[in-house]
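Throw the hints in and build the complete structure from the sequences for me.
The numbering of the sequence shown is the numbering used here, which starts it at 622 and goes up by one.
The hints are simulated quantities; they were obtained by calculation from the structure and are not laboratory data.
Heads up, some of the hints might be wrong.
To be verified - List of simulated lysine to aspartate or glutamate pairs, DMTMM-like, C-alpha gap at most 20 Å:
no., residue 1, residue 2
1, Lys915, Glu955
2, Lys912, Asp849
3, Lys1018, Glu850
4, Lys962, Glu727
5, Lys920, Asp849
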Amino acid sequence: MVLGPKHGTGNLLKRRSKEVGPRIQTHEKDSATTTSIVIVVVLFRVLGRRVMKSRVSCVVDEDDCESCTLAYCWWQTAAKFDECLKLKLDFPNVSILTPRLRLLRELERLALIAPDGLNELRHKLIGYRSGDFWVPTGGITKEDMDIPPVNTILLVGFSGSGKSSLINLMYSILGRSGLIPFARTSSGSSGYTTMYLEEHNVLRSMQSGFCVYDSRGFDYGRTREALDELSCWMSEGIHHNQPCFSYGDCMTTTTMMVDDAENVGMRSSAQFVQRQVNCVMIVANIAHIYKAFKAGDLKPLEATRQLFCSPALRKSNENPLLILTHSDLLSTEERIDGRLKICECLRISETNGVYDILCLNEYGFPVEESDPVSAYALTEAVYRALLISDRGHYPKKKFWDVALSALLWLLRFIGFCFSFLADVFSNLGRHKLKM
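So, in structure tokens, the structure goes:
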């Protein structure tokens, strides 16, 4: 039987397709398997290279971290640091520790908390509003307390102590301003000094619950005048662009007269809000004080003691905060010994309310996060200042308090009038007797 062309060709194609189909599928499977193997090999090679690079980078990073750690953990090269490390496992009684060991433990605490605690405290300060840290005491509600809209922190210290540099560091850490300086400093050959009280919003926020005031540096030789001016600030309050008087400084007086002649309207006290000081930070140049002390000059240390122990600075039985600067100019042992000497002279704890803060690096810029210990110490100091501020608020004056105060002033005025009249009539009587 002869097949037609149509049927013969069709059957032949079907047979060939059946024979070739499995071969094609097998070839596709083999090629897919080969491709997957190649991909796996390539991935292993890439991962191997990355692992090798990561290992090398880890070694480099570890070396860099060790050098960075030694840079800002300067106390770890101290003589007693090994003894401090042994105490971590023994849990000793803190009361029997020497002041040096207590100081080393405090510095280790700052280094331990700084990496994670800095952002946490910064977040609390950014969201802070005046009175947030107030706690109920004396049976008085928060509504009955006289809480200002903005708490005020005042920086005071002697010339060259680093107040303006500390302000710039606050802007850099809290306000995220980078290397932009907001407060002029006296570093270099410019000879600039703060002439007026300057209010700084270090958070650079319209809703900030606190502000920091920069003041002119006092003179070591005129401590009495400095204490009088400071007492006036604490009792009467301060405002932005308020003149800082320097007794006996002719250059300052002349400069202020020229400046006031040009900006008398801008610097008027009626244009700025009068603020009550809620907390004071004493900024001290530890390098200058310690070197003078070693040379036998006790004037800087004694002047700092008088400023720190001034009765005008006592706010709700709290000591002012002490900020030590320029400590990078000293060796490790001098840095520790200087802090202990100053705290002993001031009769305060070397670990509570005292902060050693490096404001500038070797290039003259704010340290920011390059020194996390100083950054966290500054943030904690501001946080502690706000705690002190909210504890020091007084109850609001009621009608009877105002009436009683007015009555007392009236009685004083009447007493003054009677005293004046008595003096006048006494002089008239003497004049008549002489006649």
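* **Ascending list of hint numbers which this structure does not respect** => 2 and 3
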